[in-house]
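K.L.:
Please model the entire structure based on the sequences and the hints provided.
Number of protein chains: 2
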Amino acid sequence: MTSAFENPDWLEHRVTRIINADDERLAPYRNVRERDLVGREGRFIAEGKVVLNVFLSNPALAVESLLILENRLPGLAGQLKSCRDDVPVYCVSRQTMDAIAGFPMHRGILAVGRRNAPPTVDALIDALPNTALTIVLCGISNHDNMGSIFRNAAAFEASCVLMDETSCDPLYRKSIRVSVGAALKVPFARGGSIEDIVDKLQNRGFEVFALSPSGTTSIYDAAPGPRTALLLGTEGEGLPKSLLQKLQTVTIPMSKSFDSLNVATASGIALSRFSRFSGI
Amino acid sequence: MTSAFENPDWLEHRVTRIINADDERLAPYRNVRERDLVGREGRFIAEGKVVLNVFLSNPALAVESLLILENRLPGLAGQLKSCRDDVPVYCVSRQTMDAIAGFPMHRGILAVGRRNAPPTVDALIDALPNTALTIVLCGISNHDNMGSIFRNAAAFEASCVLMDETSCDPLYRKSIRVSVGAALKVPFARGGSIEDIVDKLQNRGFEVFALSPSGTTSIYDAAPGPRTALLLGTEGEGLPKSLLQKLQTVTIPMSKSFDSLNVATASGIALSRFSRFSGI
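Read top to bottom, the protein sequences are chains A and B. So that you can map any letter, position 268 of the first sequence is 268 in the UniProt record's numbering, and since no number is skipped, the others follow by simple counting. So that you can map any letter, position 185 of the second sequence is 185 in the UniProt record's numbering, and since no number is skipped, the others follow by simple counting.
Some hints could be false.
Copies of the same chain are indistinguishable here, so a pair counts whether it falls within one copy or spans any two.
[Said to hold, decoys possible] Okay, derived cross-link-like pairs now, DSS-like style, lysine-lysine, Cα gap no bigger than 30 Å in a straight line:
1. K256 - K174
2. K256 - K49
3. K241 - K200
4. K49 - K174
5. K256 - K241
6. K81 - K256
7. K256 - K246
8. K174 - K81
9. K49 - K241
10. K49 - K81
11. K200 - K246
By construction, these hints were calculated from the structure, which means they are not laboratory data.
P.N.:
Printed below as a string of structure tokens:
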């Protein structure tokens, strides 16, 4: 346990110690598990040191405040130095932290961030390079899956993630956490129908592969173009039949007696194969 | 909503209707989310129709009882016919079901199963065919990851999953659920140290690939043998250094700036590549 007097002076001066869990300045952090910054206006919650590092390294995102458990302070000196001086850093005891969060908040590091209006699907597609691998999501409404897909997109350097309007927001707390910060790193845009997104990609020269258990070509045989988009739907309903009929469909070859993969796992397998890293 | 009198006579005679959530016969189903059949003696809980189907199709597993929400009965006629006559089928209302489970139990289908003593690691290895792809787990203690790895093992027809003693039991409720039943299908054995398991596999002619971010050969370049074992450790600590030094290490090639995959996703990518289905 590190007590206050062991911290260097600048660190003690930098932080604002708060004892009362009901302090109004802590409102954005209250019961973070139950609510998710309802009416968020571009705000999000980042948890843990790894996610905080990804957050701080993205100049498009602004830090509104930090909430740090007192014994985590010494390990965050570098991160705090990189924050602007006018960003409040609240420092609390374990007891206060758990009372604010509403559950034992083991990580002890929370941050409220804000981002400007995200790009539109059109603008993001227009900004893509000539060689690009993008992920396109249809109806992905589970925050775990969304976060896992972003983690895979970052690991295999997908250019961006595009989502139709029925997919969930990648900046929900749980999605950011599961993504290990990738949701704060990989560019994304959400909106419109999946048909519109596919049309726009095809007009910009993208080869759109629809990943489906009923796909006709193995991902190991399909030949990606310089601009490739990988389209993924939900595990239950899958992609709309009309789309499957007009696109090249690809499949992950697997057992006939247990043809069931999690959608995020499927994204990882297909991204690994189509990424420039695979060399195949 | 289906009421009792719409069910065929045989179905009504087959089930035992229970109104009182405190009925002693329902004890194994009580608060299933909080406890997990502590002191289970080979018992497990299966949830949902898909998992129940996998469960019933495995002759090595015995059904002890079923607990079915009344409006799910008509859709389970086939499954109930395949159960022995002396297996109790308890049928309850939505209100009673939620009171028993301790939370809204949407699936409405629960079963308590039992399996005989699992095979030892030695016995399971001895029973493997000449062409085999096995998964070997070291220190996997997260039930979500365990379940996801089993799901992938089933999808790519791994011969079995072997686990050291520090890995968790795949028959925990959550693990079975996440595996979509694969934990009740894919043979597994757990016990001993990871070094012992690796020694036994090598003595039986297995090529053991240790999957690691620091691995020297890309999974897309590594050449699997007729008997291949894929060794996976935790995301944090990874595999013991002594093992990495004596085994062929393989890696999933990915971004240098975000070299982080979930261990279950990594298992899916490597299984897909090394399975007979990939054709590479």
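K.L.:
None of the hints should be skipped; say for each whether it holds.
P.N.:
Quick rundown of the hints versus the structure:
For the identical chains of this complex, K256 and K174 are inter-copy neighbours only, at 25 Å across copies versus 33 Å inside a copy, given an alpha-carbon limit of 30 Å. In this assembly of identical chains, the alpha carbons of K256 and K49 lie at most 30 Å apart only when taken from different copies (19 Å versus 42 Å within one copy). Taking the shortest Cα distances, K241 and K200 sit within 30 Å of each other inside one copy (19 Å), while across copies they are farther apart (49 Å). In this assembly of identical chains, the alpha carbons of K49 and K174 lie at most 30 Å apart whether taken from the same copy (15 Å) or from different copies (28 Å).
Taking the closest pair of Cα atoms, K256 and K241 come within 30 Å of each other only inside a single copy of the chain (21 Å); across copies the shortest separation is 38 Å, beyond that limit. Only between protomers do K81 and K256 lie at most 30 Å apart by alpha-carbon distance; the minimum there is 25 Å, versus 55 Å within a single protomer. In this homomeric assembly, K256 and K246 come within 30 Å of each other (Cα to Cα) only inside a single copy, at 25 Å, whereas the closest approach across copies is 36 Å. In this assembly of identical chains, the alpha carbons of K174 and K81 lie at most 30 Å apart only when taken from the same copy (27 Å versus 42 Å across copies).
In the homo-oligomer, the alpha carbons of K49 and K241 lie at most 30 Å apart only across protomers (26 Å), although the nearest pairing inside one protomer, at 43 Å, exceeds that limit. Proximity of K49 and K81 under a CA criterion of 30 Å is satisfied intra-copy only: 14 Å inside one chain copy versus 54 Å between copies. In this homomeric assembly, K200 and K246 come within 30 Å of each other (Cα to Cα) only inside a single copy, at 14 Å, whereas the closest approach across copies is 51 Å.
When the structure is compared with the earlier hints, no violation turns up for any of them.
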